[in-house]
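Number of protein chains: 2
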Amino acid sequence: MKTPRIGAIGGGQLARMMTPPAIHLGIEFKVLAESEGSSAAMAASQVGDYNQLEVVAEFAKTVDVITFDHEHVPLSVLQALEAASISVQPPSRALAFAQNKLHMRQKLSEFNLPMPAWAEIKTAQQLDEFIAEQGGVAILKTPIGGYDGKGVRVVRSSSDASDWLINIDDFGGSLLAEEKVDFVRELAQLSARSVSGEFAAWPLVETQQVDGVCAVVIAPAPSASEAVLAQTADIAEIVATSLGVTGVLAVEMFEARDGRILINELAMRPHNSGHFTIEGSITSQFEQHLRAVSGLPLGSTAMQADHAVMVNLLGVDEKNTFVEHFGTAMAKHPVAKLHTYAKSARKGRKMGHVTVVADDLDFALAQAKGAAAVLLQGI
Amino acid sequence: MKTPRIGAIGGGQLARMMTPPAIHLGIEFKVLAESEGSSAAMAASQVGDYNQLEVVAEFAKTVDVITFDHEHVPLSVLQALEAASISVQPPSRALAFAQNKLHMRQKLSEFNLPMPAWAEIKTAQQLDEFIAEQGGVAILKTPIGGYDGKGVRVVRSSSDASDWLINIDDFGGSLLAEEKVDFVRELAQLSARSVSGEFAAWPLVETQQVDGVCAVVIAPAPSASEAVLAQTADIAEIVATSLGVTGVLAVEMFEARDGRILINELAMRPHNSGHFTIEGSITSQFEQHLRAVSGLPLGSTAMQADHAVMVNLLGVDEKNTFVEHFGTAMAKHPVAKLHTYAKSARKGRKMGHVTVVADDLDFALAQAKGAAAVLLQGI
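Protein chains in written order, with this note's numbering: chain A, 993 to 1371; chain B, 993 to 1371.
Rather than coming from a laboratory, the hints here were simulated on the basis of the structure. Just so you know, not all the hints are guaranteed correct.
Any copy will do: because identical chains look the same in the list, a pair fits if it lies in one copy or spans two.
With a straight-line cut-off of 35 Å between C-alpha atoms, the simulated DSBU-like cross-links for lysine-lysine are [stated by the list, open to error]: (1) LYS1335 <-> LYS1053; (2) LYS1099 <-> LYS1361; (3) LYS1339 <-> LYS1022; (4) LYS1022 <-> LYS1361; (5) LYS1361 <-> LYS1114; (6) LYS1172 <-> LYS1022; (7) LYS1022 <-> LYS1335; (8) LYS994 <-> LYS1335; (9) LYS1311 <-> LYS1099; (10) LYS1324 <-> LYS1342; (11) LYS1172 <-> LYS1339; (12) LYS1324 <-> LYS1053; (13) LYS1311 <-> LYS1324; (14) LYS1335 <-> LYS1114; (15) LYS1172 <-> LYS1361; (16) LYS1114 <-> LYS1324; (17) LYS1053 <-> LYS1361; (18) LYS1311 <-> LYS1022; (19) LYS1339 <-> LYS1324; (20) LYS1053 <-> LYS1311; (21) LYS994 <-> LYS1311; (22) LYS1339 <-> LYS994; (23) LYS1324 <-> LYS1361; (24) LYS1114 <-> LYS1172; (25) LYS1172 <-> LYS1142.
Keep in mind it's a predicted model, so treat the numbers as computed, not measured.
Go ahead and model the full structure; you've got the sequences and the hints to work with.
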């Protein structure tokens, strides 16, 4: 056996962060990037448009397994690769559910998995009826294309979504309406499933969002009951198995005020909620993803210390790339692990993150947030 | 401030392992490799002969700091770069002592640092006198070019070294004779010194050699007394400061049966005795080296867990590249961190290593040695 050659479609920070474990393991890792100078440029072996089958097929010839930095590659392209006996992990039949939130809800319903109340919406009348059932407010989502809070809005009447309803064909003919969950916090269950069927879950984490974008992750989720831990690990395994997911799977969940655990979103790739695993876990989500998609046995998901805290570095303006303040942040916070993604500065953009691993949670929180504050504000 | 662009001369495993922290920090990292397909090929921006000033000068134009994968770049080349105001870290005046063991002994003597008895040898008579003083046996070393046990031999008479004595001009006109230390174990003190003068040491480690080559590293060194820990950390700081070392410094030492701590060798770069820091320490030696040579503040050198054990993967034949047995090793040892350097197989070659980090030393030893055994023997 040789180590597999793994190719990732997409040159973002997830492909970038797959590179270090590939180097350590001695796995040949290549990236099909959208453009020169991508975040994953060091591993980029080809630049091209992932919407074009001929581009992706050319890339696929150079590797043994195709995987992903993002979930936007057209299913038709992936199905064509699969028809040519190319290993695509996760396979198109699984990715279909990550690409379409309505299909995801429909599929998960078959397995009685806990979800917010939801409905497929084709007309203003259907939406108004759902809103009425939900006590006057609902969440409306475009089934495809949304991420980081985009393609999602709170609606109290169909008139709040008249622009989407008029153009509903642009969204595949349907919108997805969901219960606006009264939650006490958000959780994420990260796991991996190998092409061989092996499954491993990391500890449940708490994710804190600001304006719909992940801001802070605390691992493990503080004060989670044994019952919740068992339920969330079960949910992840059922989702991974029933949808045929391979590689890393993130299940984002609400912990409702009434105690229900409800599935919010799925991501079939390494995920922001798992960046803490680089230093916080024996096996990082990026190494595990490489192992899982290539059929290597999975590594231990145990924590390296009692706690890990990750804070995202979101762009503050068009200038601050955070590296300006590296010296100050490093000097003040020698335990903080700084990560930047070599992206140009843009307000709100995910440009890096900071992780602190420690046996004391308050210390980890203070150090991670302190280092992030220095990088964001220079103080 | 921008992050510095760092260039390493040499495409071996040390440059390879500098790449992951450069990716995480967002530091632009380039390598001048000896050949295509080097261990550090992913970061190689140029291929050429580091003995040629014009090659190295061309490389130096593309980076802000020059550092090293190995200590073999001619001093004349480095001095020419320095004369052109290029930042070379560690500087040539420090590297001179790493390149010449006799000069190192002479320099360290000025600071009363503890060393085996030693003598500069120019003639057979001088060598026989030294051997007689040492009770009939000594270690003889070529001052330059030796590593991993090469250029070192045990001598009981000048006739054991007649080939070296006849060709003594090839070794700069002198050999280095040293006391054959009766040691209970070997130790290594890893540290880093920044271009700003900041200094940080990792915990003292025990190194176990087989046939002169590092086989196992245990961190921290078991049962080291407070006095020894204080002494070894002091030694490292005095060496780093007095020789003007920047970047990572490894001081290899003997713990003599009579209790003396004696300096054996120095390495002015990340070192095999510090590979455990990748997973075992908050800041790895490779990240710290990048920080130190570029003037960024140093990171914490605290352990991630109570113990770390590293086992080298030395080539067994011309075929086994270890990746053949990855699946078995990963399945049996899910806590083991496997590293391979993408080198072709050769008996005795350093081709990879395994690290296990744990709060239980016996567990770490068993897992690391177990995983290495699978990789070496397939069982």
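* To do: Run the structure past the numbered hints and jot down the numbers of the failing ones, going up.
  => 2, 5, 6, 9, 14, 16, 17
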